[in-house]
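Using the sequences and the hints given, assemble the complete structure.
Residue numbers (the working numbering), protein chains in the order written: chain A, 1 to 343; chain B, 1001 to 1343; chain C, 2001 to 2343.
It should be emphasised that the hints constitute simulated quantities derived from the structure, not laboratory data.
Predicted model, so just to flag it, every value in this text is computed and none were measured.
Some clues are possibly wrong.
What the hints assert, rightly or not - A few chain B residues facing chain C, derived, Cβ under 8 Å:
#	residue
1	1148
2	1188
3	1202
4	1297
5	1321
6	1322
Even glycine gets a Cβ: it sits at the ideal position worked out from N, Cα and C.
Okay, here's what each chain looks like letter by letter:
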Amino acid sequence: MSIELTLGEILKVLPEVHLEGDNQVGPFRGVATLEKAQSGDIAFLGNPKYKGQVLSSRASLVLLPRNFVGFPRDNQCFIRVEEPSYALALICRVIEERLFPPPPLGIHSSSCVENGAMVADSVTIGPFCHIESGAEIGSGVRIASHVHVGAFAKVGAETRLFNGVKLLSRCELGERVILNAGVVVGSEGYGFDQVSGRHEKIPHLGKVVIEDDVEIGANTCIDRSRFAETRIGEGTKIDNLVQIGHNVRIGKRCLVVAQVGISGSVSFEDDVIVGGQAGFAGHLNVGKGAKIAAQAGITKNVEAGSFLKGNPALSYDLAQRIAVLQRKLPDLFKRFADLEKTS
Amino acid sequence: MSIELTLGEILKVLPEVHLEGDNQVGPFRGVATLEKAQSGDIAFLGNPKYKGQVLSSRASLVLLPRNFVGFPRDNQCFIRVEEPSYALALICRVIEERLFPPPPLGIHSSSCVENGAMVADSVTIGPFCHIESGAEIGSGVRIASHVHVGAFAKVGAETRLFNGVKLLSRCELGERVILNAGVVVGSEGYGFDQVSGRHEKIPHLGKVVIEDDVEIGANTCIDRSRFAETRIGEGTKIDNLVQIGHNVRIGKRCLVVAQVGISGSVSFEDDVIVGGQAGFAGHLNVGKGAKIAAQAGITKNVEAGSFLKGNPALSYDLAQRIAVLQRKLPDLFKRFADLEKTS
Amino acid sequence: MSIELTLGEILKVLPEVHLEGDNQVGPFRGVATLEKAQSGDIAFLGNPKYKGQVLSSRASLVLLPRNFVGFPRDNQCFIRVEEPSYALALICRVIEERLFPPPPLGIHSSSCVENGAMVADSVTIGPFCHIESGAEIGSGVRIASHVHVGAFAKVGAETRLFNGVKLLSRCELGERVILNAGVVVGSEGYGFDQVSGRHEKIPHLGKVVIEDDVEIGANTCIDRSRFAETRIGEGTKIDNLVQIGHNVRIGKRCLVVAQVGISGSVSFEDDVIVGGQAGFAGHLNVGKGAKIAAQAGITKNVEAGSFLKGNPALSYDLAQRIAVLQRKLPDLFKRFADLEKTS
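Written as structure tokens, this is what we have:
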């Protein structure tokens, strides 16, 4: 990371903050943790447990919560904000645009945009992309190399498709959606009829609808529905290598960590959080705000607000208590054998 | 979904059925569940548990099992068949060809077919495909965009390769195979020798052979063998994001659900069913018709016909019973402590 | 597999070995197991448990450990070496170059190498590749079709990128690295701040650094770091469909089997071995030489040299013992009920 960011540029994105100490610091070269920061770096106190590191940090600029007690050193500047981590994110977006500048507007000459595709003016389409007839690409969309957008698919404004994304026919993305590299949206659902001892494919005629501000991690797969739609709700964030089956409905603002598997026709209400590698059997309902621990196996409906762990999944507290008791099983069996002898 | 399908077109794919009620219904606009169907829709009774919804359904056409008792309403038509779900699938294939029409025959001008590749006349090869020398592409094959077919690979008649599939050198696909988007067939197996404290790669000289009527889900990976072949048997259906190691042999008509991991040299006999996220240690044999529950961890050979669950895997019934008893451990420990006191 | 390899060609890669029996055997057609080998095949004794198969094997050439007792038959040759499996690997590399010959040097005419990319002379870049400005490609690098190398990414000498690899901006690969088909290196980390009830993306400004001699399996994903780097140590081998989160550090010579998930900021010391589908919660340290069984769930730091299993993970021996006792729970509950009655 090698940048040149001035204090003035930072104050543009953090307009109403209070400076303490040296207001001539900068330009800044990078961002680092409190401990590793050198002179010229920006650091921040995101987690109170590191507050002891602030006063010894060599960072030239430190973002702090308003209630932090302490003063900057010479040639150091403190900025107090409501949420230092978010303030840093705002600064980092400026840095991001420098380190990873958007490619120039326009459609790369190697790409294939079929007649009948509707592409807004202000888009970027990288090399070797294939946009089929009937597809609609909104304004401000950025499409990296090797992307496929199928017939009648829709890509909302400001959405980003990273390299090698496959958005299959008739699937729809909202605005500001991010599909990371290798994501597949709209593959055929896994459903078969048994006919004369053979598995006969059930056609999947539906689509996938992804609402505004959803992000999907690299190489994640989302299958199209049988008739209506597979739907991912607004603001939901899905990590890498996740499997989402046909007809699944995910609510708004859910978090689904890497390698989770969600079987066909599962329904998540809003604000569900799922740890990595957890799995869901088909046709379940998961209530609003439920939390599922990593690697859990869910085979029944989940009540709103519950927190489950294990396979079979139990309430988190019970699962933890049983885990403790399991470690005592060798002792229990021994004590029991002793007791049997004496009884 | 927006289609216009006439009763006549339906009767062409369901030739020997009996109509009841209004034989002037249609054209039909879509397919829906009994409950959600509107006038103009086709619905079906696939699961007897929904039979109570038939007589109140607003669907214009309902596919029913022969033994259903009841009569259509005005402007409604019933069709009785042996298997309503399969009859629907036959109708849906007609709809599918309209919603997702095959691209025109021929090789897209942007694609790169090397000298020495053998491509049948009636194939479709989309944009940005790379077909290496010595590859053989059979008649009726449909290849979507961004597909790689390696040297001396074979693709049987009527097989479909979706976007971004990588079929590596010397691997062979039978007829009517479907590889969904992002599938990798023929990557190098994961095998190393320890030499002077380093992991030295073991070359993998074999191939992957996929028999007729196999389907493979999006982003699934199948490694080539060390010498002979990794083989997937006829009619087997594999879901998304599955890992199949080198030298694995999967029998005929197996079902392997998403995110399953199968280590090197495992052998499945025919008709094995594996739930999502289950894993298999290397070199195991899984007997004919065995069923493995989701998330199970299999470390020993599996007898034909058995049904296993858990890690370490136990018979399904024992695993369920132990799960119940585990929930009673807190109570058992307490009762035991009481008993010790009184003894 | 169809090759023609002479004994002389074999002796070139195994220079100091001792021949017994017929030194006129060959040319050889293939490699097979002792049991399946036919006349004209090469076989080897890698695992002592198969030594009983040597003297009945029809292989024309057998690689054996020095201490094997027995003599070749007519028309058969034995070669004794320190490590038969590694000797075979050396032979197989010769075969590999014949079965999978490297494509011709040079940049395929369909590929897009941007101005400002630095590409060494002796590289192979296949069709439909995109090399962005500022990228550096070292000598002897082989890049297959549909690969993306982002701006300012570095690819060390002799490294191989298989089909459809996405190496995103500013990420760095050492020498002799292998990225199998579909690998994504440098996708954005999964990190969000909660701001006014929304998940606000945390920019990820860092990179991924992959050291020399690392191999990464098909469709595996490695996220870029928040500030500094995600790093994979020299000689580490990672299997297919693995998830490696942002800021992870993997030591040297580690083995990570398929479908493992490693959350953000986890740190592995050297020589760690992880079985398939195991998962790691964030910010953990895993000590040197630790072994983690397949499907384990790791939620605490792991001591050097330990061997863990299960979720929650226990020492392997304790986990095995508890597994045995769990199977006895039905009996224990019954005996306990009897004892309660009699007390």
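| request: Go through the numbered hints given earlier and state which of them the structure violates, listing their numbers in rising order. | output: none
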